[in-house]
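Novice: As given, the protein sequences belong to chains A, B and C, one line each in that order. Start counting the first sequence at 0; every next residue gets the next number (numbering that gives the first Met the number 0). Start counting the second sequence at 0; every next residue gets the next number (numbering that gives the first Met the number 0). Start counting the third sequence at 0; every next residue gets the next number (numbering that gives the first Met the number 0).
Any given hint could turn out to be false.
As the list claims (entries may be wrong) - Each pair of labels, with its calculated beta carbon distance range:
id	chain 1	residue 1	chain 2	residue 2	range
1	C	K118	A	E13	39 to 45 Å
2	B	Q148	C	G393	44 to 50 Å
3	C	Q120	A	K161	24 to 30 Å
4	C	P107	B	G55	34 to 40 Å
5	A	W264	C	I113	31 to 37 Å
6	B	E153	C	N224	31 to 37 Å
7	B	Q148	A	K161	46 to 52 Å
8	C	I113	A	M212	40 to 46 Å
In short, the hints are calculated from the structure, not lab data. Yeah, the Cβ is synthetic: ideal placement off N, Cα and C, and Gly gets one too.
Given next are the chains, with one letter for each unit.
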Amino acid sequence: MIPSIDFIQPKNIEELLSLLNNFPDESCIIAGGTDIIPGMQQGASRFKKFKRLIDIHHLPELKLIKVEDGVLIIGAGVTFSDIIKSSLTQNHFPLLTKAASSVGSVQIRNRATIAGNFINNAPCADSVPPLLVYEAMVRIHSFNNQYDIALKDLLLKPYQTKMEPNEIVTQISLPILSETYRGEFYKLGRRQGVAISRISIAVLIDIHQSRIMDIRIASGAITPIGKRFPELEKFARQKKLEIKLLKELARKLGKEILITTGLRWSTPYKLPVVQQIFFQLLSNITK
Amino acid sequence: MSHVTINFMLNGENITVTTRTNYRLLDILREDLGLTGTKEGCGIGECGSCTVLLNGRAVNSCLILAGQIESASITTVEGLENEGKIHLLQQNFLKYGAIQCGFCTPGMLLSAYALLNENPNPTESGIKEAIAGNLCRCTGYKQIIEAIQKTAEEMNL
Amino acid sequence: MKSTFSIVGTHIIREDGLAKVTGRMKFAADYNFPDQLHAVMVRLPLVHARIIHIDFSALANHPAITTICDANDIPGAKKVGPIRKDQPVFSYEKVVTAGDVVAMLVGPSKEELIELRNKIQIDFEPLPVLTDTEKALQSDSPLIHPEFKNNLIIHYPLRKGNVEEGFERSDFILEQIYKTPFIEHAYIEPEAVIAIPLEETGGIKIIGSIQNPFTARRVVADVLNFPLTKVRIQQAELGGAFGGKDDTMNILAARAAIGALKTNQPVKICYGREESILESYKRHPYIMNYKVGFNKNGKIQAMKIDILADGGAYASMSPFVTWRTVVQATGPYEIENVWTDVRAVYTNNPYTGAMRGFGSPQPIFAQESLMDEIAIKLDRTPDEIRKINGLKTGSITASGQKLEDHDVNLIHVLDTAVKNSGYTKKWLNNQLRHQSEKSRYLFENNSIQDIKSFLLNDTDFIDSDSSLRKGIGLALSFRGCSLGAEGIDAAAAYLSVQPDGSVYLLSGLAENGQGLRTTFSIIAAEVLGISVSDIFYLELDTGLIPDSGPTVASRSTLMGGGAVKAAAETVRHRFEKFLQKQWQESKAIIFKDRHVYSKNKLNRKISFAGLCNLAYQNGINLAAIGWYAGPKVDWDEATGQGPAYFTYVYGCQVAEVTVNIVTGEVYIDRVIAVHDPGKVINILGAKGQVYGGVTQGAGFALWEEMNTNDGKIQELNFDQYLIPTSKDIGEIIPIFVEGKDQHGPWGAKSLGEPTLELTAAAIANAIQNATGHRYFNLPLNLEEIILNRKLRAEKFGRGSHV
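Looking at chain A on its own, in the form it has when it is part of the complex:
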């Protein structure tokens, strides 16, 4: 049951920020509602403290998708359906398009927003691995402040980010990569349809004359929050592309994940599987 708390619809961003400034601790921002409403229905503890819902789904300032100076800007309120339909994301950020297509169902994608997804920061948030490899910058606004922060620095732990209660995300920006980058997004769920991620991986790789110039790897759902693997990436750079290396990278990924998560109930299944998947992804991308 949705508790009878206040519902406010600010007319614009200024009004929103002013509201948050005045009542930071008890306000919950709602856009698509696809995480918040089920959470409230099921009595999830993290929603119990809120006294008001502030609705931002209608704010036009949050809905833009445009390219500016070699950077794709996506408004915080852009839905997954809008991302899928945009030729800008299709052409320049195919991993994000693929991840967006894999979220929930058509009904969910028509409402769920990209920022809502990573701000909620469920371990299985599908937008996070692609945004991490595309090195998304997040623009944060509050009543008298504004700054940009890398997504990887924003995410803290499951269901928590570094955001303060009086802050909102207005947009994310993704620098457009050179066309030499190839990549893949992979998601494993229990079912073919409407599946919660159990393992997700995003990988981008730039190869020149059989050497790895750049590689970016991000995992989701297998680590508490989405993460990159900087040491592994550093190890892989400049190495010559061969099957032996791909296996070693896969094994190292497994090791890194194990160090991050420790032994969990799902480890006997997920760890071998993620190594296999990663090896296969790399093999297919670099064919």
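Given the coordinates of chain A, assemble chains B and C onto it according to the supplied hints.
Specialist: Just chains B and C now, with coordinates in the frame of chain A:
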């Protein structure tokens, strides 16, 4: 602030409703307006039996709060008919045996309707994707998919 | 027997379809009455506890509370149940499972009642919890119901021949243990009921999502201490049941009735999904021990079967479910020596009861897996082994019944399925493939402590090109029709022809959504030579039609259809006699295409409507109650011998799958489902039963399981309990073989349950064929395929499946 007044379009007609702020669109339809064609099966956006169209897009009405539909255009199963004549999609659901208990049917129809408006020539895989968020326990989906395919074919003639 | 039909077997559109497709059809939650109150349930947070005291004082005189109901408000039976009366309407001494309800708050605002629930103080004493079925019969285990001396709900033995001798004669012996989990019905419509006090009579009317209105009536009457006639149950349109809206609904109907009579206002109970899953009963988990002895020539000599069913907290239908199991556990095979024991026990787990299949899907998984193992051991193909042992006309079943009086089409459906799927060659090719590649299952026995084993060696990696394996598998079954020796098997139908030729029809068997109203309309239309659109199907109200037993056991077409045919034939016979007299005619009268004419002289013709009017004018009785009773069947409780069911149906399904041996994903490419349900009356409906049943069976095979943690269900909604979506299953091809039978309308028998019971077994065999690896614990989910075991999270949260 326990109540909110909203103006929106419902099945082609402008209406104004004053309702509780914690009501979902689903509750407005079923409780305030007595339109019980839209169903509640799970309350968390998984089963799709509450599917309606919001500005032409299929959404779970159990996940939308009252205040969020201001100025929106909503279509429910009751709005698929035109002056007493049922839509071709509804006819084909009947013809191809796409209905057993009928509880998932309104939601299915709206997901299919939204699909055909956007893509008049969907593949079988496209149809399956469009209704993946509409759970059915009775029919095994086969006859539903067939009804939608046949409708697309007939609409394209 | 009719050889050509006008309507039977043709493509007929559902008569209730228009209302469903326009959203006008009212389901139980769609009913609202002026002045109605809502009721919410009060439960303990524990699974097994003694109730010391419930303190409602914080709610005293609260304006949102009209009344509070508990066991003290019950004038009649405080406990109910279809066999053992062990289930309280409101728990009053102790709670024995998580879904138990101790009290009910009634008031105008459901939201306020839910918030007030938290203010209730309950003093209780926790009791030790029993969740392990294998410990249930130990003397030191907690006793769930002290009024019974132990936790045994029922034990069925079956003894045929001499198994010890049979094993001694056997060249080979195989022993295996198979397990299946709690399964949720997952009807998309959650439970809802509304009770309306009838002021004039002091009685009660109840509208609800009630699968078996006559059972509900009896329960409510017992609880209220009313005569049956003072309780009127009207079945609202059911949004799916699959056997699951029986016991739970009877109790909800009783609770709503208590509230309505206490307040003198309508009382509505409407469950959300979580509450539905929490309180409603499930399919029995089974632990099945099978031992089979067989010879080099493929003939089975002996089978010893020991099955333990988790009955959960209440007996419910466990005795009937396990009885079907004991009759059918060997599978459709002629075996001289059989020793079977099936037991159901009490635990504090969620209670278990009727679910489509009713004690058959679980043993079919076990026995059909075993049959494939026999084939592999003997280097033969699985279809060969089925043929060698399969039941034929004149065969004797495990319970000593000789199969005759109907087409025993077991081998015919097997052959049809094998032929249409190209089974044998595909199966052999895949088997040969295993022999030439090493096993990829490297992680079967890795212990959780051995971290290094989780990191792959160079040789462990598999190319994506080599990840997919195809497999084909089959499963074969026979199924006794209707209730068998379980219970009284008779059904009624009411047919009332109107003077203008339109016809009212009502069966005592309740529609569950599967389309039986259409099937019955087809039967009546066929007999009277009219069209289905001439028939108006009435709402099921217990006041209008005799008790016809429940809509279970796939008995509707067989029994209900038999009654409809009888009613229609009664009226037709009267018409015939009337016309023969009118026309001075002795030859038969033909009823066809909405006209009636003499066989002899075709110019003696009248429209059906004209006939009705004429007959009416002449004082002919145009209405009839048809009655169809099943032949008597027998059962010896001590030996498990007797003609258990009066007839049988046969089915064979072949599943083709693709297994990803890296992730454990299984994709179902195709299922060919061959069924002999007798005569197919409603072809559109019959196909729907196959598509739907196979899809549910696939869920049972690959994704569905309800896990309990100390008796508490972990998967409370559809985000956790996964049923198949449109993307999860490939092609399904139904093929019908219409065997002849003297029973039922033109030999029409059963289809609803046979379609579900086979699929998981076929998929399991297909997975073995794909991977070379056999699995024994359903569901065959990702971990089971890769690790050969299940992994369990300590606690579940939304999306946090890391």
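Novice: Provide an ascending list of the numbers of those earlier hints which the structure does not satisfy.
Specialist: As far as the earlier hints go, 3, 6, 8 are violated by this structure, in ascending order.
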